[in-house]
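Listed here are the chains, written in short residue letters.
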Amino acid sequence: MKVLEVKNLSCAFGGLMAVSDLSFDLYKNEILGIIGPNGAGKTTVFNLITGFYLPLKGEIIFNGKNIVGLKPYQITRLGIARTFQNPRLFKKLSVIENVMIAMHKVYNAHLSDALFLNKRYYKEESLQREKAEEILDFFGLYRRKDDFAENLPYGEQRKLEIARALATNPSLLLLDEPAAGMNLNESLELVDLIATIRDKFGVTILLIEHHMEVVMNICKRIIVLDFGMKIAEGDPEKVRNDPRVIEAYLGKEVKGVIH
Amino acid sequence: MKRFVKILIIALVIFSLFVLPLQAAGTIKIGGIFPITGPVATFGISCANGAKMAVEEANAKGGVLGSKIELIIEDDQYKLEEAANAARKLIERDKVVAIVGGVTSSEALTIGPIAQSSKVVLVTGTATNPKVTQVGDFIFRVCFLDDFQGEVMANFAYKNLKAKTAAVLTAVTSDYSKGLADAFKKKFTAIGGKIVADESYSEGDTDFRAQLTKIKALKPDFVFVPGYYSDVAPILNQARELGITVPFGGGDGWDSPELLKQAAKAAEGCFYSNHFTPDAKDLLVQTFVKNYTKKYGMAPDALAALKYDAMKFLLEGIKKAGSADPVKIKEALASMKTFRGVTGSMTFDANRNPIKSAFILQIKDGKVVYYTTVKP
Amino acid sequence: MLSIRDLHVYYGGIKALQGIDIDVKEGEVVALIGANGAGKTTTLRSIFRLTPIVKGDIFFYEINLTKIPTHRIASLGIAHVPEGRRVFPDMTVKENLEMGAFLVKDKTTIKNNFDFVYSLFPRLKEREKQLAGTLSGGEQQMLAIGRALMSNARLLLLDEPSMGLAPLLVQEIFSVLRKINEEKRTLLLVEQNANMAFSIAHRVYVMETGRIVLSGTTQEVASNDAIKKAYLGG
Amino acid sequence: MLENILQQIINGISLGSIYALIALGYTMVYGILRLINFAHGDIYMLGAFIGFFALGSWDMPFAIGLIVAMLLTAIIGILVEKLAYKPLRNAPRISLLITAIGVSFLLENIMVLLVGATPRAFPQKIPTEVYLIGNIIVTNKQIIILSVSIFLMLFLQFVVNKTKIGRAMRAVSQDKEMAQMLGVNIDNVISFTFALGSALAAAGGVLVGMYFNKIEPYMGIMPGLKAFVAAVLGGIGIIPGAMLGGFIMGIAEVLVSAFISSTIRDAIAFIILIVILLVKPTGILGKYMREKV
Amino acid sequence: MRKNVFIIIVLILLLILAKFSQGLNPYFYQVLIFWGINSILAMSLNLINGFTGQFSIGHAGFMAAGGYLSAALTVYHGDKIIKLLSFMPESISKNIVFFIFLIIGGLFSALLGVIIGIPTLRLKGDYLAIATLGFGEIIRVIIYNMDVVGGARGFPGIPQLTNSVWVMFWAFICFITLYRIINSSHGRAIISIREDETASEAMGVNTTYYKVLAFSIGAFFAGIAGGLFGHYLMLLHPASFTFMRSVEVLLMIVLGGLGSLTGSIIGAFVLTVLPEALRGFSGLRLVIYSLTLIILMLIRPTGLMGNREISFGNIMSIVKKLNRRTGNIK
Ligand SMILES: Nc1ncnc2c1ncn2[C@@H]1O[C@H](COP(=O)(O)OP(=O)(O)OP(=O)(O)O)[C@@H](O)[C@H]1O
Ligand SMILES: Nc1ncnc2c1ncn2[C@@H]1O[C@H](COP(=O)(O)OP(=O)(O)OP(=O)(O)O)[C@@H](O)[C@H]1O
Ligand SMILES: CC(C)C[C@H](N)C(=O)O
Ligand SMILES: [Mg+2]
Ligand SMILES: [Mg+2]
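Chains as they are written, first to last, in numbering that gives the first Met the number 0: chain A, 0 to 258; chain B, 0 to 375; chain C, 0 to 233; chain D, 0 to 292; chain E, 0 to 329.
Warning: the hint list may mix true and false statements.
Calculated cross-link-like contacts (lysine to aspartate or glutamate; reagent style DMTMM-like; alpha-carbon spacing at most 25 Å) [as the list claims (entries may be wrong)]:
| # | chain 1 | residue 1 | chain 2 | residue 2 |
| --- | --- | --- | --- | --- |
| 1 | C | Lys183 | C | Glu97 |
| 2 | A | Lys91 | E | Glu194 |
| 3 | B | Lys336 | B | Asp136 |
| 4 | C | Lys54 | C | Glu82 |
| 5 | B | Lys185 | E | Asp146 |
| 6 | D | Lys286 | C | Glu97 |
| 7 | C | Lys124 | C | Asp89 |
| 8 | C | Lys228 | A | Glu188 |
| 9 | D | Lys163 | C | Glu94 |
| 10 | B | Lys184 | B | Asp197 |
| 11 | B | Lys260 | D | Glu128 |
Hints listed in this document are in silico derivations from the structure and should not be mistaken for laboratory results.
Only a predicted model underlies this, so the values are computations on that prediction, with no experimental measurement involved.
From just these sequences and the hints, can you work out the full model?
Shown next, in the form of structure tokens:
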């Protein structure tokens with residue numbers, strides 16, 4: 000079943016075509032990798048899907064509905080969540096508050112409930128807190144739930160970003176370089192985590208990554224962008240041996256690939 | 000260090016809250032509330048100077064009723080809540096018997112109800128809004144109301160200057176200016192003149208060329224600028240630069256030696272109405288001008304003179320009451336039918352408003368000279 | 000050339016460095032590796048006195064860097080390619096490089112440095128007039144390295160130069176680093192990509208939660224089983 | 000009628016060049032330090048007063064008096080920065096703004112205390128000359144102010160964009176720490192920025208004093224506010240933007256007074272401002288950087 | 000529910016306290032009133048600036064709009080409506096009418112908040128500040144040109160209906176409303192906008208809605224404060240609502256601590272009492288005042304309270320600490 004269909008998507012900044020005429024599909028429970036040189040337009044694709052940028056042309060169909068033109072918060076509410084290339088946590092808020100904010104629309108009492116402290120308010124608060132604790136527990140962040148987000152080490156910040164995205168109850172999760180700044184071992188742990196997330200939360204995942212050990216291990220299918228265009232698509236084996244991909248992206252010696 | 004500063008500040012606050020006014024025996028306390036800082040500080044300072052001088056003169060002569068007068072001046076920064084606080088403070092903590100002050104009408108209208116309800120006399124020298132004295136019988140003033148000057152100048156322009164058309168340039172943010180302008184416009188049209196331009200500015204503006212260019216194009220015979228000298232000076236300068244040659248006129252707000260300094264040539268041939276005339280042979284005025292100039296290094300403006308009179312008026316009331324009891328002072332003031340001050344001789348109507356003549360002054364050869372007198 | 004002695008850095012309650020010692024000799028490439036949050040960045044920033052140093056000394060030859068202001072440290076001949084590149088986004092590529100030569104007075108030296116940097120990164124020459132903020136991640140990384148090279152610095156501190164870069168670029172950058180080292184410059188390199196780091200380093204320090212847990216020549220460290228497992232995928 | 004319109008436009012340009020003159024210093028300090036230097040208007044006032052004493056009490060020739068005022072004011076600017084702003088360099092931006100407001104109050108109140116609030120006539124070293132072009136009137140002082148503000152804009156553009164210290168200033172504005180690591184002494188750069196900004200303000204103060212022939216301790220408040228608005232309108236931090244913003248404000252105010260109504264001039268001027276901002280949310284010359292996420 | 004009963008009891012106790020304050024020296028009493036009104040202004044601006052992170056300096060405009068409307072209603076329609084309510088004692092009907100007019104004034108400000116907020120809240124940082132400042136000035140110019148409310152002559156003759164009980168009541172309502180909003184899911188949404196608007200949107204928060212909500216709630220209470228102000232001074236004047244007034248409120252909230260409601264109350268206290276406390280210094284008064292501002296900011300750059308709140312909990316812990324300390328001294 001197709002979860003997401005991207006059709007002829009283009010986006011330009013000034014004279015620069017950051018994404019041009021890009022099409023791809025995404026199937027339920029799949030993990031699709033996007034790779035490509037720096038500045039190829041990968042993050043821009045994320046920004047287009049999540050409504051942060053408006054495409055020049057093209058369609059983005061999510062569960063049968065064209066979501067082009069919707070505001071980011073509306074898209075999130077439809078069930079697409081994302082992380083950012085540079086972590087954007089609510090730094091001065093506690094870890095659990097970060098997660099609870101993401102649940103804002105999932106469990107929601109009316110403003111008047113909060114003003115008059117109605118039962119519904121208490122129910123909502125405790126429900127949010129419970130669910131948030133559950134998610135934090137899954138990511139092993141429960142013990143740090145009352146710390147400021149900015150005081151977490153970098154790796155845990157990235158985890159918290161993913162946890163926060165999951166808290167919006169998405170069916171599609173977009174991860175932008177989750178392994179950046181991690182060493183080999185940490186990246187491999189992340190691979191496991193992502194696979195578990197897919198199974199436990201039943202989400203479909205779109206993944207941008209430069210760590211080949213992550214991409215090649217977890218994605219059954221990969222698309223390769225260069226200058227905003229798709230230059231290759233297929234399973235890891237095929238992509239890795241594609242001469243255009245090697246020339247533009249991988250280089251001759253591909254290190255650290257583990258099977 | 001940080002801690003020390005913190006403690007110092009806290010100590011300062013607490014200390015000054017509880018520092019009680021020193022109670023000198025045998026003094027009569029009078030409060031003064033003026034905007035000594037803030038946007039109308041110039042007015043406030045002149046007023047404070049005038050009031051202070053009156054008190055000093057009285058004390059030099061041995062005080063009133065054998066007691067020295069103590070004048071406690073509070074600054075209200077031209078903020079109404081500060082004016083209210085100042086009034087309360089003077090009444091409750093300093094226990095003044097009367098207040099001189101409220102430079103603008105809005106301040107007077109704020110202080111008025113407080114004075115009235117606390118049964119303390121308020122005398123204002125400059126608040127010209129008719130509503131000021133309507134607040135209650137403890138409130139007095141020694142200046143004409145807005146309407147009067149506007150009408151005087153309208154008559155003067157039409158009759159003496161034979162102006163058939165006039166332009167008005169009002170400070171839209173000043174109640175004084177608006178009051179004069181409205182009265183002028185009404186009267187001037189009523190007696191057959193025509194207002195060809197009705198322009199405005201905000202107090203403190205510095206560039207008036209837009210309005211003046213517009214006025215110039217309409218070729219009025221007379222331009223009425225009921226503002227304060229600090230605005231009038233640049234207006235006159237710029238008007239002359241733009242080639243407007245007709246006479247300008249205004250009210251007592253023009254009266255200041257600074258006007259001549261800042262708009263020397265430009266003011267030539269202009270007229271304004273005032274309470275007194277500097278070359279009046281009146282000895283009272285002569286000594287006032289001389290003493291004031293000696294004391295403060297500049298000649299008095301109308302505001303200083305008015306507040307000087309307000310204070311004199313109050314002191315005379317105290318003398319007449321024979322006691323520093325506010326109710327008695329009020330009665331004494333109310334019973335005073337006439338008063339002669341540096342801003343002229345006045346009688347009072349039932350609403351404690353003065354009736355007095357206006358002088359029309361002309362600026363001629365870099366000097367202000369008497370032109371004519373207008374009786375109410 | 001550089002020696003760090005018993006350095007302690009605390010961020011409020013967080014003890015980021017708890018007594019580390021590092022030596023760098025002239026002409027060497029020294030790699031510093033460790034897990035996230037181990038304190039690698041903190042170590043490099045401490046050399047420029049940008050962290051709350053609680054205790055310890057850092058000597059550059061005879062000079063104690065913990066006693067002089069940051070801008071003077073630069074003038075001793077140390078340059079930094081910081082975490083996150085930190086190019087000046089609203090300045091052009093050329094101006095960024097000129098900023099790198101801020102302390103160089105001599106016009107011909109500046110010109111030679113320009114030529115050297117442009118020969119290493121021809122891409123920067125092409126983009127001379129572009130605003131740095133609009134460069135792609137890899138180009139910004141080149142610019143950050145180029146900027147550090149403009150000052151004739153004897154010691155170069157590099158903080159994860161491969162972060163977020165495409166594999167091809169990572170290879171390019173490391174070959175440039177090797178070239179730079181051949182030009183008699185000393186490198187202190189922080190890197191997550193241990194394979195790459197080991198390929199050019201003479202010696203390696205391994206950090207864990209604010210302490211040095213292992214050090215030695217590259218061969219020694221690379222043959223340690225724990226290291227192999229954690230960093231080299233072996 | 001046409002004549003009238005032309006005259007009004009000249010009026011607008013001359014008013015605008017005054018706003019521009021003050022806005023330049025504002026925008027430069029903002030551009031480098033991201034600080035809304037609320038006290039800029041008061042520094043301008045100080046400059047005018049120093050000029051007043053230099054030209055009046057010490058009877059210097061105009062050019063010398065101007066330079067003396069600029070120098071002394073620059074020193075005051077540096078002092079203000081060292082005492083009041085420097086300790087807050089790593090504090091939230093709003094705390095710095097509040098301190099700047101405090102400094103603004105302080106300067107005003109000290110001056111009220113020292114010289115009183117009564118407006119003073121500024122010594123007229125340059126007599127006004129009126130030129131007639133057809134029926135349109137221009138004065139020599141308008142021309143002086145216009146040319147000085149254009150000159151200063153070009154000068155600032157040059158300093159900031161083409162000189163080494165200018166590059167250092169911009170580097171400091173974009174990343175203080177990085178600039179330090181490259182050997183920039185940021186204290187010196189910031190002091191220089193303040194000195195330059197204050198000297199500009201002083202030049203503005205002296206020229207405006209000469210032009211309107213009146214100075215007083217509160218003279219900085221309104222022009223300071225308007226100049227700030229002008230700087231924002233043009234794109235805050237952008238030097239030609241300050242100039243443009245100043246002219247637009249000046250011309251808009253004059254045209255509104257002339258052809259709509261002087262009573263609602265300020266309201267219309269602000270409506271224009273808001274409309275422009277809604278169309279160009281970062282000011283006229285501001286780059287609209289969609290934040291890259 | 001239990002909490003609500005508790006809150007109502009607290010409110011009643013506070014109102015009784017306020018009633019007693021009327022026996023105070025009228026000078027202190029008046030300063031208390033201004034403190035209360037300023038607290039309402041500060042807390043409401045803090046919602047916008049401190050919690051939502053939107054840099055607004057147009058608060059004086061909202062204060063003026065609400066204040067003038069409720070004052071005009073009392074002056075022009077108050078008597079009529081009191082006559083309609085003649086079946087009850089005037090002392091009661093007067094206050095009921097006052098209450099209703101205040102709310103109408105507040106709602107009017109809130110409405111303006113929505114109208115202004117929807118387009119301008121797209122602007123960021125200093126650009127938003129200028130737009131809100133411009134809006135405040137526009138309101139003032141309009142009032143200057145409105146003769147029904149006296150224009151430049153001010154609007155006198157407003158009956159004095161504000162007293163300490165009313166001020167306490169509204170300050171309390173303001174505090175509780177804001178406090179409860181902030182400590183709910185809606186509040187977290189609001190705070191997340193301040194922390195990172197982009198991320199907030201990515202988490203599904205309708206940022207425009209919440210910004211406008213915060214803006215209009217802030218405006219509502221500013222309008223109420225304006226009404227209380229006018230009905231206390233018995234006079235409104237456009238000069239009371241210049242941008243300097245907005246700046247003063249800004250000073251209060253930054254001094255007290257952005258993001259702290261109790262801090263706002265403290266900030267309001269400091270800036271209300273300080274000028275009074277300094278009256279003894281006459282000429283030097285404002286010099287000392289501005290120096291104090293600067294020094295306070297230098298020693299506490301994040302305000303007196305930072306973003307912490309005073310609560311029963313931490314008062315108790317301070318008391319305990321003090322006890323321990325004095326215990327040691329003994
Ligand atoms: N808001 C923007 N304004 C201008 N240019 C932009 C903007 N966002 C992206 N670009 C440009 O679009 C191109 C694609 O950028 P994008 O961030 O999508 O690259 P990427 O594939 O994610 O690269 P990387 O791997 O380095 O993250 C780049 O050249 C970038 O400079
Ligand atoms: N400014 C800061 N304030 C508080 N804590 C900090 C700060 N900077 C770093 N830390 C903490 O200090 C510790 C060491 O951080 P550092 O950035 O030096 O690690 P690192 O080894 O460079 O990690 P990474 O591989 O993620 O870059 C971490 O726990 C981090 O959370
Ligand atoms: C000093 C003046 C502005 C006072 C004015 N006469 C008034 O009634 O307000
Ligand atoms: Mg990217
Ligand atoms: Mg690091």
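Structure-based check of all given hints:
1. With a C-alpha separation of about 22 Å, the suggested pair Lys183/C and Glu97/C falls inside the 25 Å cut-off, and the hint holds.
2. The hinted pair formed by Lys91/A and Glu194/E meets the criterion: a straight-line CA distance of about 7 Å does not exceed 25 Å.
3. Between Lys336/B and Asp136/B the alpha-carbon distance is near 15 Å, which keeps this suggested pair within the 25 Å criterion.
4. Proposed proximity of Lys54/C and Glu82/C is supported: the alpha carbons are some 24 Å apart, at most 25 Å.
5. This hinted pair checks out: Lys185/B and Asp146/E have alpha carbons roughly 16 Å apart, not beyond 25 Å.
6. Annotation: proposed proximity of Lys286/D to Glu97/C holds, straight-line Cα distance about 24 Å (limit 25 Å).
7. Taking the CA atoms of Lys124/C and Asp89/C, the gap is near 18 Å; set against the 25 Å cutoff, the hint holds.
8. Restraint check for Lys228/C and Glu188/A: the C-alpha separation of about 13 Å stays at or below 25 Å, so the hint holds.
9. Restraint check for Lys163/D and Glu94/C: satisfied, since their Cα atoms lie roughly 10 Å apart, inside the 25 Å limit.
10. This hinted pair checks out: Lys184/B and Asp197/B have alpha carbons roughly 9 Å apart, not beyond 25 Å.
11. Between the alpha carbons of Lys260/B and Glu128/D the distance comes to roughly 19 Å, so the proposed pair stays at or under 25 Å and holds.
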